[in-house]
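Colleague: Spelled out, the chains give:
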Amino acid sequence: MDALLDAIEKVVGEKNILRDEDVRSRSADWITREPCLALALVRPVNVDQLSQVMALCYEADQPVVTHGGLTGLVRGAVAASNELVISLERMTEIESVDPVGGTLTVQAGAPLQVVQEAAEQIGMQFALDLGARGSCTIGGNIATNAGGIRVIRYGMMRDQVLGLEVVLADGSVVSSMNNMLKNNAGYDLKHMFIGSEGTLGIVTRAVLKLQPQQSASQTALVACDSFENLIGLLQHMRQTLGGGLGAFEVMWRSYYALLTEESGRHNPPLDTSSPFYVLIESLGNDQGETAQRFEQAITSAFEKELLSDAVIASSDAQRDRLWAIREDIEGLSELIAPRFVFDISLSIVDMNTYVNALEVSVRNIWPDAKVVVFGHLGDGNLHVSISMGEVNEEIRIIIEDLVYKPLQAIGGSISAEHGIGIKKKNHLNISRNPGEIALMMKLKEVMDPKDLLNRGKVLPDKTNL
Amino acid sequence: MKIIVSVKRVIDYNVKVRVKTDNSDVDLTNVKMSLNPFCEIAVEEAIRLKEVGVASEIVVVSIGPNAVQEQLRTAMALGADRAIHIETEMQPEPLNVAKLLTKIVESEEPGLVILGKQSIDSDNNQVGQMLAALTGWPQGTFASEVKIEDGKALVTREVDGGLRSLSLTLPAVVTTDLRLNEPRYAKLPDIMKAKRKPMEVKTPADLSVHLKKHISQLKVETPPQRQVGIKVDSVDALIDKLKNEAKIILRKLG
Chain A
1 MDALLDAIEK VVGEKNILRD EDVRSRSADW ITREPCLALA LVRPVNVDQL
51 SQVMALCYEA DQPVVTHGGL TGLVRGAVAA SNELVISLER MTEIESVDPV
101 GGTLTVQAGA PLQVVQEAAE QIGMQFALDL GARGSCTIGG NIATNAGGIR
151 VIRYGMMRDQ VLGLEVVLAD GSVVSSMNNM LKNNAGYDLK HMFIGSEGTL
201 GIVTRAVLKL QPQQSASQTA LVACDSFENL IGLLQHMRQT LGGGLGAFEV
251 MWRSYYALLT EESGRHNPPL DTSSPFYVLI ESLGNDQGET AQRFEQAITS
301 AFEKELLSDA VIASSDAQRD RLWAIREDIE GLSELIAPRF VFDISLSIVD
351 MNTYVNALEV SVRNIWPDAK VVVFGHLGDG NLHVSISMGE VNEEIRIIIE
401 DLVYKPLQAI GGSISAEHGI GIKKKNHLNI SRNPGEIALM MKLKEVMDPK
451 DLLNRGKVLP DKTNL
Chain B
466 MKIIVSVKRV IDYNVKVRVK TDNSDVDLTN VKMSLNPFCE IAVEEAIRLK
516 EVGVASEIVV VSIGPNAVQE QLRTAMALGA DRAIHIETEM QPEPLNVAKL
566 LTKIVESEEP GLVILGKQSI DSDNNQVGQM LAALTGWPQG TFASEVKIED
616 GKALVTREVD GGLRSLSLTL PAVVTTDLRL NEPRYAKLPD IMKAKRKPME
666 VKTPADLSVH LKKHISQLKV ETPPQRQVGI KVDSVDALID KLKNEAKIIL
716 RKLG
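The listed protein sequences derive, respectively, from chains A and B.
Quick note: the first sequence, position 334, residue 334 per my numbering, numbers continuous.
Counting from 1 along the second sequence, just add 465 to a position and that's the residue number in my numbering.
These are computed hints drawn from the structure, not numbers from a lab.
Be careful, since some hints might not be right.
[To be verified] Computed spacing ranges between beta-carbons, pair by pair:
#, chain 1, residue 1, chain 2, residue 2, range
1, A, S135, B, E686, 31 to 39 Å
2, B, D701, A, G13, 22 to 30 Å
3, B, K467, A, R33, 55 to 63 Å
4, B, D701, A, R90, 26 to 34 Å
5, B, T494, A, R363, 50 to 58 Å
6, A, G123, B, K677, 34 to 42 Å
7, A, Q116, B, N495, 16 to 24 Å
8, A, Q235, B, E573, 41 to 49 Å
9, B, K485, A, E59, 57 to 65 Å
[Unchecked claim] Footprint (simulated), chain A over chain B, 3 or more residues, beta carbon under 8 Å:
#, stretch
10, 471-485
11, 491-499
[As the list claims (entries may be wrong)] Incomplete in silico selection of chain A near chain B, CB under 7 Å:
#, residue
12, P269
13, F302
14, S314
15, D316
Even glycine gets a Cβ: it sits at the ideal position worked out from N, Cα and C.
With the hints as extra help, turn the sequences into a complete structure.
Modeller: This is the structure in structure tokens:
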């Protein structure tokens, strides 16, 4: 053990291998805030160092966990006391920006917000956006195939990546740093690593695709009095905005009332009596045209009675305040702690029935339980939080059953965007069939035969099959 | 009582402002414009006074090109009853604005004029005070609280030393500070109604005001880039840098 750590120290330098208190003081789970138990944390400064470190670990059969921004929600970065953490925190450089090709080359430890700002500097935009933007890293976004608030317009992280550089389990480096939009030469290896949650390789650099800037945005918070109207509203906005729809985020009354009136955390722009609230945003190029088109779309929706009330933000400050209600996950956490969190996807038309049935089944057992629902409805993705005052393994098993079983019947996913990590691996079979899981395990066997990379995550324990 | 609120269309507070390459001005092309935040607070205060029955009518005024009608419609959506657009392509200086408003005040005869304390683009903080001087009315600037009682405006002002309370006989001029209120959102039914509320368009000539230019803007520059900090290895190195590079005079204590 010490021999390995000494050898690693020679590669990265004394200051860049942390032990004991320096490791315990960090947490890989921002919900539980439990201390990181890893035997050490290593901070290489570039892919050469990282590759050497990984090669040493491979020789020593040392399991490894990769750390990015640590904002994941499925305990994907949690390390056991016999695991070594490789952190990308010193690999944060934006290496180059190409305004003509519309690409940006970056080290995987760069925070999302830094990349967004770099794109803005050259008059373009990086089209991924989520609430954790100040902390989450590109590497983490790639490993989890992150979603966020712009998926409805621009797709997931996968759609923003042109090329990758990866360190494999044995320390060898595979450079697939393609920067072209079209490259059909052989298998497109990057796709194997995107969304693999650090279990097939460690992403060290990436070439990202940039989009033209859409500097004009318009935002409204609207109330719908029925799910039928809500679906009608989604279709109406898609049509009338002609491709300009940039966000369609829904809050069930359970979420909206809790974060506004009930807790006093935010002033409610609309009263809390409606069953559904939607944050709608349109993106465009011209300020005047975007504003006019948006107002017309919202007004005609109102005339068709698809929405019962609305406020339109008249400044970016008001826009930020509307989004703050939707993005206050910290507040939600505090208000209903301890809670069970779910990130599911299902057909939009099935959602209301599913949520109503879930509420009934939960309240049958815990009459006072809170079931709070919100999410990227336009993408078919809901975030469900359930709280009944305590959290333990027994309750977890029951709750997971209540949430996941009905999903299986309608072909939904147990993880829309958060990934599997540790939390959901034993339910993988609900959303993936045996043939799929068998192929995943074969792939893992080929890429990481010693099972060193993020051991025990994503794939179910062999005993559970 | 009638209240007049004067509002300005400015670059949205959240926009990262860019300077034109010739340093002549700020680049306004396709930039988001909004109601000046302090003017928004002024509109909100007027509406609250109407809601408690103190004001019977709110008239909102703005000076500028056609585009300012957008901000006037927003103000009417928030609750103003009618709007006056004083049309000019020129960027009027504070004194010009004050003179134009004086003419409006003379014909409308309000009991109170509420304005933002300053606009976030020019940061002059002059119009309210000049208007009070030209009309001979009392002024309560930087208001963090306004109460109307028995023909007087009780204004609490935020000043460097704390809070100062004034009693002004009406009619009076009040300018708003940040903590006066939190503006409401414009609701859709009101946005739709506002389209049908009356909007009058006048020119400076209609008001017999000649807009004179006294000030010319020479240059606009971005602030100098902040220098990157450095780390030092020892206290001695720190003292050396402070003394010799940052030129901070260090004295021994005791």
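Colleague: Could you tell me whether the CB distance from G123 (chain A) to K677 (chain B) stays inside 34 to 42 Å?
Modeller: holds (39 Å)
Colleague: Could one say that the CB atoms of D701 (chain B) and R90 (chain A) fall in the range 26 to 34 Å?
Modeller: At 28 Å between Cβs, range holds.
Colleague: Are there at least three residues in the stretch 471-485 of chain B whose beta carbon sits under 8 Å from a beta carbon of chain A?
Modeller: Contact hint for the stretch 471-485 of chain B vs chain A: holds, 5 residues under 8 Å.
Colleague: Does the Cβ-Cβ separation between Q235 (chain A) and E573 (chain B) fall within 41 to 49 Å?
Modeller: holds (48 Å)
Colleague: Determine whether the Cβ-Cβ distance between K467 (chain B) and R33 (chain A) falls within the hinted range of 55 to 63 Å.
Modeller: For K467 (chain B) and R33 (chain A) the Cβ distance comes to about 58 Å; the hint holds.
Colleague: Checking hints one by one. Is F302 (chain A) an interface residue toward chain B, by the C-beta closer than 7 Å rule?
Modeller: holds (6 Å)
Colleague: Assuming the hint says 16 to 24 Å, is it satisfied by the Cβ distance from Q116 (chain A) to N495 (chain B) or not?
Modeller: holds (20 Å)
Colleague: Range first: 31 to 39 Å. Now tell me if the beta carbons of S135 (chain A) and E686 (chain B) are that far apart.
Modeller: holds (34 Å)
Colleague: Look at the Cβ atoms of T494 (chain B) and R363 (chain A) and judge whether their distance stays inside 50 to 58 Å.
Modeller: Distance hint for T494 (chain B), R363 (chain A) holds at roughly 56 Å.
Colleague: Under a C-beta cut-off of less than 8 Å, do 3 or more residues of the stretch 491-499 of chain B approach chain A closely enough to confirm the stated coverage?
Modeller: holds (count 5)
Colleague: Given a cut of 7 Å on the nearest C-beta pair, is the interface hint for D316 (chain A) held or broken against chain B?
Modeller: holds (3 Å)
Colleague: Taking the Cβ atom of D701 (chain B) and the Cβ atom of G13 (chain A), is their distance within the range 22 to 30 Å?
Modeller: holds (24 Å)
Of the numbered hints listed earlier, not one is contradicted by the structure.
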